[in-house]
Amino acid sequence: MKTNTSRFASRTALLFAFVVAATVARPAIPVGDSNVQIGGFFSQGWLYSDNNNYPTADKGGTWDFREMAFNASTTFGSHLRVGGQVFAQRLGDLGEDHVILDWAVADYNFNPAFGIRAGRVKYPKGLYGEALDLDIVRPFVFLPGAVYSPILRDFSASFDGGMFYGSINVGKGSFDYKVFAGRIPMTPSQGVSEFYNNAGLYAAPGATALGMDSVAGGQLTWNTPVNGLKFVYSYSQFKNLHTDGPFVAYPPVDVASNIELFTWHTISVEYTLNSWVFAAEWQRSHGDFGYNALPLLPPTIGPVGWDGWYVSAARRLNDKYQVGAYYGNLQTDVNFSGSNPADYQHDIAVCLRYDYNEHIVFKIEGHYIDGTYQTFDTVRIPNPPAARKNDTTVIAVKTTFSF
Amino acid sequence: MKITHLRRLCVAAFVLLALAQAAAAPALIGNKNLAGEKLDAATLKSVFLGKKVAWDGAGRVVLAVLKNGPVADAFLQGAVDMNASGFNNYWRRLAMTGGGTAPKSFEKEEDLRRFVAETPGAIGFVDSAAADASVAVLTPAP
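Line by line, the protein sequences give chains E and P.
Once you know that position 113 of the first sequence is 113 in the working numbering, the rest is easy, because the numbers rise by one and skip nothing.
Once you know that position 27 of the second sequence is 27 in the working numbering, the rest is easy, because the numbers rise by one and skip nothing.
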């Protein structure tokens, strides 16, 4: 009871802080005459699915769907900038409104072609990987799950390490590059653990330890001479992605797993034409999953990974309204069978965004999802096989206040 | 009689529209300490997209923009191939993800001009009629 009370109090205090900050603040501008900038957002939504719990425990509807962030940054001299953002989310039973450090960087920009950023840095993957929760910059409630799994938000957002970046003009276009290395902090409470907990190796509630040795990669963006058209290639790799937890068949014994090298390739294109934004991305992830529970289970290894792609279109109708739609396809790349719904996920989504003013937006979005790939059955996202259907409809309603 | 009124109304609307278009002639202005800076179209784009954060000899780049309106749309379309809404989204994304310091935005041109005049390294845009001797009117090389 005490815990619940203090948790409620901390959430209330956090919400109050956001409201106060939002009331006194204006969008990402200096505070007084200083060069300190503050910003943030608070969103609250309602999530409903009819047949399966997807992307989280939302069957029949849930209000446990919110995000909040507060950031501040400032500059020193001509080239140095420092800043950070705290973030909290609730997505069903994921996140639990715990405040985490989302990003915190020191950035030294020598010139347009070369800069260094270090600290907790946003993880660049695809067109929108660094802006996963920025409702304000897109019409969709959920980015296409085929490339941006919603339950990986707290894992895919940032890494601890460093990045080189820059931009080089070539003809009438330019190339932007980012090269990075570091480590993504992992805990069993993150959504990423559901990928392991769904594998059927661990006794409930699931893996008790997760970690990785390193993440490294890069991103190259070609801003073409055609106005609004850009191509992006992103690559990243995790080394020794490992987990530990009680073996489901005999909990006193632990199961240890390791993926020596897990790779992500993402190819993206975005074209902005007047009030239209078109985007398409393809992503392949792959690794070899090894596990053992000695002496009960000998070392075993097998491939793991998936392919995902989507196409999307969005159009701003006027200052108030924007509409969007996408089709996404996600499927296992291990023994894929087109006739087995557990091997694929086809997602058709349509959305409507309404801008009440520059700070407040409302969104409503509908999904029809055919197939159950990455529809998990875990303690936090229960989908027992007997109750699981081959398709599901998801409705998301969300309002976001940003400043 | 009614048709005549309608015609006059249409002509007046057309003239007002034409005047509004003609008024949206943006001028690039900067603090007077930018007078020695070399500025071409590519550099200007780099500055307004947050890729160039420091001048060669005038300290840190400080961006000042109008929040919206025809002057903002006309300038930003020409300088960075975005309208004001797209530009705002671009910067919201950068500022919220640790990628840059957002421009200072203004509702009124006179406030923007005063800020640019008083802030070393500041660069912005106003309607050409609103530029005065307190700021340097900059002309990027093609």
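Source of the hints: derived by calculation from the structure; they are not laboratory data.
Note that beta-carbon positions come from the ideal geometry of N, C-alpha and C, so glycine has one too.
A few of these clues could be false.
When the alpha-carbon atoms are kept at most 30 Å apart in a straight line, the in silico DSBU-like pairs for lysine-lysine are as follows [unchecked claim]:
{"#": "1", "chain 1": "E", "residue 1": "Lys320", "chain 2": "P", "residue 2": "Lys38"}
{"#": "2", "chain 1": "E", "residue 1": "Lys230", "chain 2": "P", "residue 2": "Lys32"}
{"#": "3", "chain 1": "P", "residue 1": "Lys108", "chain 2": "E", "residue 2": "Lys178"}
{"#": "4", "chain 1": "E", "residue 1": "Lys320", "chain 2": "P", "residue 2": "Lys32"}
{"#": "5", "chain 1": "P", "residue 1": "Lys67", "chain 2": "E", "residue 2": "Lys239"}
{"#": "6", "chain 1": "E", "residue 1": "Lys230", "chain 2": "P", "residue 2": "Lys108"}
{"#": "7", "chain 1": "E", "residue 1": "Lys230", "chain 2": "E", "residue 2": "Lys178"}
{"#": "8", "chain 1": "E", "residue 1": "Lys389", "chain 2": "P", "residue 2": "Lys38"}
{"#": "9", "chain 1": "P", "residue 1": "Lys108", "chain 2": "E", "residue 2": "Lys389"}
{"#": "10", "chain 1": "P", "residue 1": "Lys32", "chain 2": "E", "residue 2": "Lys178"}
{"#": "11", "chain 1": "P", "residue 1": "Lys67", "chain 2": "P", "residue 2": "Lys52"}
{"#": "12", "chain 1": "P", "residue 1": "Lys32", "chain 2": "P", "residue 2": "Lys67"}
{"#": "13", "chain 1": "E", "residue 1": "Lys389", "chain 2": "P", "residue 2": "Lys32"}
{"#": "14", "chain 1": "E", "residue 1": "Lys239", "chain 2": "E", "residue 2": "Lys178"}
{"#": "15", "chain 1": "P", "residue 1": "Lys32", "chain 2": "P", "residue 2": "Lys108"}
{"#": "16", "chain 1": "E", "residue 1": "Lys230", "chain 2": "P", "residue 2": "Lys67"}
{"#": "17", "chain 1": "E", "residue 1": "Lys178", "chain 2": "E", "residue 2": "Lys320"}
{"#": "18", "chain 1": "E", "residue 1": "Lys172", "chain 2": "P", "residue 2": "Lys108"}
{"#": "19", "chain 1": "P", "residue 1": "Lys67", "chain 2": "E", "residue 2": "Lys389"}
{"#": "20", "chain 1": "P", "residue 1": "Lys108", "chain 2": "E", "residue 2": "Lys320"}
{"#": "21", "chain 1": "P", "residue 1": "Lys108", "chain 2": "P", "residue 2": "Lys38"}
{"#": "22", "chain 1": "P", "residue 1": "Lys108", "chain 2": "P", "residue 2": "Lys45"}
Chain E regions said to be covered by chain P (calculated; three or more residues, Cβ under 8 Å) [what the hints assert, rightly or not]:
{"#": "23", "region": "101 to 110"}
{"#": "24", "region": "228 to 241"}
{"#": "25", "region": "257 to 267"}
{"#": "26", "region": "323 to 335"}
{"#": "27", "region": "380 to 393"}
Chain E side only, calculated, beta carbon under 10 Å to chain P, not exhaustive [unchecked claim]:
{"#": "28", "residue": "Ser174"}
{"#": "29", "residue": "Asp176"}
{"#": "30", "residue": "Arg284"}
{"#": "31", "residue": "Ser285"}
{"#": "32", "residue": "Asp288"}
{"#": "33", "residue": "Arg315"}
{"#": "34", "residue": "Phe362"}
Consistency of the hints with the structure:
1. Lys320/E with Lys38/P: Given pair Lys320/E, Lys38/P is violated - Cα atoms ~40 Å apart, limit 30 Å.
2. Lys230/E with Lys32/P: 36 Å, violated
3. Lys108/P with Lys178/E: Since the Cα atoms of Lys108/P and Lys178/E sit roughly 37 Å apart, the hinted pair is violated (cutoff 30 Å).
4. Lys320/E with Lys32/P: Answer violated: Lys320/E to Lys32/P is near 39 Å, above 30 Å.
5. Lys67/P with Lys239/E: This hinted pair is violated, its Cα atoms lying about 45 Å apart.
6. Lys230/E with Lys108/P: 33 Å, violated
7. Lys230/E with Lys178/E: 15 Å, holds
8. Lys389/E with Lys38/P: 64 Å, violated
9. Lys108/P with Lys389/E: 57 Å, violated
10. Lys32/P with Lys178/E: 35 Å, violated
11. Lys67/P with Lys52/P: Holds, at roughly 21 Å.
12. Lys32/P with Lys67/P: This hinted pair holds, its Cα atoms lying about 23 Å apart.
13. Lys389/E with Lys32/P: 68 Å, violated
14. Lys239/E with Lys178/E: 19 Å, holds
15. Lys32/P with Lys108/P: Answer holds: Lys32/P to Lys108/P is near 20 Å, not above 30 Å.
16. Lys230/E with Lys67/P: 26 Å, holds
17. Lys178/E with Lys320/E: 35 Å, violated
18. Lys172/E with Lys108/P: Cα-Cα ~33 Å, so violated.
19. Lys67/P with Lys389/E: With Cα atoms ~49 Å apart, Lys67/P and Lys389/E exceed 30 Å; violated.
20. Lys108/P with Lys320/E: OK: Lys108/P and Lys320/E at ~22 Å, within 30 Å.
21. Lys108/P with Lys38/P: 28 Å, holds
22. Lys108/P with Lys45/P: Measuring from Cα to Cα gives roughly 23 Å; hence the hint holds.
23. 101 to 110: holds (count 5)
24. 228 to 241: violated (count 1)
25. 257 to 267: violated (count 0)
26. 323 to 335: violated (count 0)
27. 380 to 393: violated (count 0)
28. Ser174: For Ser174/E, the interface hint holds, since the closest Cβ of chain P sits about 8 Å away, which is under 10 Å.
29. Asp176: Status holds, d = 8 Å.
30. Arg284: Hint on Arg284/E: violated, closest Cβ of chain P at ~25 Å, above 10 Å.
31. Ser285: 22 Å, violated
32. Asp288: Interface hint status for Asp288/E: violated (32 Å vs cutoff 10 Å).
33. Arg315: For Arg315/E, the interface hint is violated, since the closest Cβ of chain P sits about 13 Å away, which is over 10 Å.
34. Phe362: 17 Å, violated
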